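Protein chains: 2
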Amino acid sequence: MQVENLLKQVNFIKEIDKLKYIQRKTKLFNSDRCENDAEHSWHLAMMTIVLAEHSDKPIDVLKVVKMVLIHDIVEIDAGDTFIYDTTKNHTNTEEELIAAKRIFGLLPTEQAKEFIAIWEEFEEGITNEAKFAKSMDRFEPLLQNVSNNGGTWVEFNVPYQKVYDKKKAIKNGSTAIWNYAENLINESVEKGILKK
Amino acid sequence: MQVENLLKQVNFIKEIDKLKYIQRKTKLFNSDRCENDAEHSWHLAMMTIVLAEHSDKPIDVLKVVKMVLIHDIVEIDAGDTFIYDTTKNHTNTEEELIAAKRIFGLLPTEQAKEFIAIWEEFEEGITNEAKFAKSMDRFEPLLQNVSNNGGTWVEFNVPYQKVYDKKKAIKNGSTAIWNYAENLINESVEKGILKK
Chain A
10 MQVENLLKQV NFIKEIDKLK YIQRKTKLFN SDRCENDAEH SWHLAMMTIV
60 LAEHSDKPID VLKVVKMVLI HDIVEIDAGD TFIYDTTKNH TNTEEELIAA
110 KRIFGLLPTE QAKEFIAIWE EFEEGITNEA KFAKSMDRFE PLLQNVSNNG
160 GTWVEFNVPY QKVYDKKKAI KNGSTAIWNY AENLINESVE KGILKK
Chain B
10 MQVENLLKQV NFIKEIDKLK YIQRKTKLFN SDRCENDAEH SWHLAMMTIV
60 LAEHSDKPID VLKVVKMVLI HDIVEIDAGD TFIYDTTKNH TNTEEELIAA
110 KRIFGLLPTE QAKEFIAIWE EFEEGITNEA KFAKSMDRFE PLLQNVSNNG
160 GTWVEFNVPY QKVYDKKKAI KNGSTAIWNY AENLINESVE KGILKK
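Heads up: the protein sequence lines correspond to chains A and B, in order. Under the numbering used here, the first sequence has 95 at position 86, and the numbering climbs by one with no breaks. Under the numbering used here, the second sequence has 13 at position 4, and the numbering climbs by one with no breaks.
Hints are supplied without guarantee of correctness; some may be wrong.
As the list makes no split between identical chains, a pair holds if one copy fits it or if it spans any two.
Straight-line distance between alpha carbons at most 30 angstroms, and here's what the computed DSSO-like set of lysine-lysine pairs gives [stated by the list, open to error]:
| no. | residue 1 | residue 2 |
| --- | --- | --- |
| 1 | K34 | K180 |
| 2 | K17 | K36 |
| 3 | K23 | K72 |
| 4 | K72 | K122 |
| 5 | K72 | K27 |
| 6 | K200 | K110 |
| 7 | K205 | K72 |
| 8 | K175 | K17 |
| 9 | K180 | K200 |
| 10 | K175 | K27 |
| 11 | K205 | K66 |
| 12 | K110 | K205 |
| 13 | K66 | K200 |
| 14 | K122 | K204 |
| 15 | K176 | K205 |
| 16 | K180 | K27 |
| 17 | K204 | K72 |
| 18 | K171 | K122 |
| 19 | K17 | K176 |
| 20 | K23 | K177 |
| 21 | K110 | K72 |
| 22 | K204 | K110 |
| 23 | K72 | K200 |
| 24 | K122 | K205 |
| 25 | K204 | K66 |
| 26 | K122 | K200 |
Calculated from the structure, these hints are not laboratory results. None of these values were measured; they are calculated from a predicted model.
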């Protein structure tokens with residue numbers, strides 16, 4: 010049983026290597042090099058362990074870390090959807106659910122169920138853990154775009170209100186981080202790197 | 010105090026972006042593209058949450074995840090040392106300790122102490138958590154080299170005994186994973202991708 014589990018787990022470990030090839034639109038800090046999903050997921054996990062104290066509600070930190078580590082794995086099959094893409098809905102698509110079942114389905118049954126459930130919990134965004142995980146997912150590209158003189162906001166002509174509406178999700182996880190983020194957004198308008 | 014902490018933490022979050030530029034010698038799975046330290050750290054964190062059940066001793070999974078997420082951050086200043094490099098000692102160098110103090114020192118005092126302690130615990134490799142974290146750190150490049158017809162073993166002419174001696178650390182964390190790994194090493198010799 011243990012050996013059987015291990016074989017399945019190794020297959021999964023090999024498969025998820027493909028996350029390193031999924032390019033995001035957002036660039037690294039002070040850079041013109043696109044970030045990939047594995048780098049992004051590592052950064053969110055680091056942010057989670059560093060910023061957990063700012064969560065408004067008590068959170069199971071390990072669960073949040075698991076969420077951010079796996080949240081983009083479905084993109085191995087479904088591809089990255091740019092958050093400001095107006096032609097495609099970003100939220101929990103049928104395509105992503107099929108991907109979750111295929112990829113997490115490589116794991117032993119109980120573990121596959123656990124990972125699919127954690128991914129769905131993240132997508133739904135209702136629990137304290139999911140809210141904090143989503144705060145991290147919104148906060149990182151905000152910091153990156155500010156460091157890159159507007160980054161994807163300038164590149165894809167994204168207006169203030171759209172940015173504000175998406176970033177407001179940070180508030181659901183942490184008032185302190187939202188206060189900081191809101192300030193950054195306003196400063197970006199003043200600097201002219203975000204159009205109001 | 011909360012705002013002050015957050016400002017320090019954001020500076021740290023920006024600084025560690027540089028981990029994405031630190032190239033390892035090992036290549037991605039079935040690939041000729043070098044892996045970077047952020048991708049490697051993400052993969053080890055995934056392996057930790059997937060393989061934790063195979064630890065011989067009880068472990069605090071969150072602590073192991075923190076270890077593998079941060080274990081290479083010192084390389085931002087100290088650079089990556091190839092594990093089979095005969096001219097440089099890989100273990101806890103003076104240079105790495107200075108790097109740890111500078112980079113983790115960007116965090117609020119208590120958090121900086123916690124991260125330096127976790128990094129030192131990993132380097133020492135004595136606790137159950139450090140042993141399992143090191144198992145993960147040895148296991149990933151083994152899987153990668155096997156997938157790449159010998160990878161760095163062939164590229165840098167590393168003989169069986171050196172590989173075996175380094176990989177044996179896997180046994181300190183997990184007998185089950187070591188049994189699998191030892192088998193892979195022996196198969197690699199039979200295939201001719203590792204010279205005995």
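Do the hints match the structure? See the list:
1. For the homomeric pair K34 and K180, the shortest alpha-carbon distance inside one copy (24 angstroms) is at most 30 angstroms, but the shortest distance between copies (41 angstroms) is not.
2. For a Cα distance limit of 30 angstroms, the shortest separation of K17 from K36 across copies, 22 angstroms, qualifies, whereas the shortest one inside one copy, 34 angstroms, does not.
3. Proximity of K23 to K72 under the C-alpha cut-off of 30 angstroms is found in both arrangements, the shortest distances being 23 angstroms within a copy and 24 angstroms between copies.
4. Within a single copy, K72 and K122 get their C-alpha atoms as close as 15 angstroms, and across copies as close as 24 angstroms, so both meet the 30 angstroms cut-off.
5. With identical chains, the CA atoms of K72 and K27 are at most 30 angstroms apart both within one copy (23 angstroms) and between copies (26 angstroms).
6. For a Cα distance limit of 30 angstroms, the shortest separation of K200 from K110 qualifies neither inside one copy, at 45 angstroms, nor across copies, at 34 angstroms.
7. Within a single copy, K205 and K72 get their C-alpha atoms no closer than 37 angstroms, and across copies no closer than 44 angstroms, so neither meets the 30 angstroms cut-off.
8. In this homomeric assembly, K175 and K17 come within 30 angstroms of each other (Cα to Cα) only across copies, at 25 angstroms, whereas the closest approach inside a single copy is 37 angstroms.
9. With identical chains, the CA atoms of K180 and K200 are at most 30 angstroms apart within one copy only, with a shortest distance of 23 angstroms there and 56 angstroms across copies.
10. Taking CA atoms no more than 30 angstroms apart as the test, K175 paired with K27 passes in both settings, with 28 angstroms inside one copy and 27 angstroms between copies.
11. Taking identical chains as interchangeable, the C-alpha atoms of K205 and K66 are never at most 30 angstroms apart, the minima being 32 angstroms within one chain and 57 angstroms between chains.
12. Proximity of K110 and K205 under a CA criterion of 30 angstroms is satisfied in neither setting, with 41 angstroms inside one chain copy and 42 angstroms between copies.
13. Neither within a single protomer nor between protomers do K66 and K200 lie at most 30 angstroms apart by alpha-carbon distance, with minima of 34 angstroms and 54 angstroms respectively.
14. In this homomeric assembly, K122 and K204 never come within 30 angstroms of each other (Cα to Cα): the closest approach is 44 angstroms inside a single copy and 42 angstroms across copies.
15. Taking the closest pair of Cα atoms, K176 and K205 come within 30 angstroms of each other only inside a single copy of the chain (15 angstroms); across copies the shortest separation is 56 angstroms, beyond that limit.
16. Within a single copy, K180 and K27 get their C-alpha atoms only as close as 32 angstroms, which misses the 30 angstroms cut-off; across copies the closest is 28 angstroms, which meets it.
17. For the homomeric pair K204 and K72, neither the shortest alpha-carbon distance inside one copy (37 angstroms) nor that between copies (43 angstroms) is at most 30 angstroms.
18. In this homomeric assembly, K171 and K122 never come within 30 angstroms of each other (Cα to Cα): the closest approach is 35 angstroms inside a single copy and 40 angstroms across copies.
19. In this assembly of identical chains, K17 and K176 lie within 30 angstroms of each other by CA distance solely across copies; the values are 21 angstroms between and 38 angstroms within a copy.
20. For a Cα distance limit of 30 angstroms, the shortest separation of K23 from K177 across copies, 21 angstroms, qualifies, whereas the shortest one inside one copy, 36 angstroms, does not.
21. For the identical chains of this complex, K110 and K72 are neighbours both inside a copy (20 angstroms) and across copies (29 angstroms), given an alpha-carbon limit of 30 angstroms.
22. Taking the closest pair of Cα atoms, K204 and K110 never come within 30 angstroms of each other, the shortest separation being 40 angstroms inside a single copy and 40 angstroms across copies.
23. In this assembly of identical chains, the alpha carbons of K72 and K200 never lie at most 30 angstroms apart, being 38 angstroms within a copy and 41 angstroms across copies at closest.
24. In this homomeric assembly, K122 and K205 never come within 30 angstroms of each other (Cα to Cα): the closest approach is 44 angstroms inside a single copy and 42 angstroms across copies.
25. Taking the shortest Cα distances, K204 and K66 never come within 30 angstroms of each other, neither inside one copy (33 angstroms) nor across copies (55 angstroms).
26. Within a single copy, K122 and K200 get their C-alpha atoms no closer than 47 angstroms, and across copies no closer than 37 angstroms, so neither meets the 30 angstroms cut-off.
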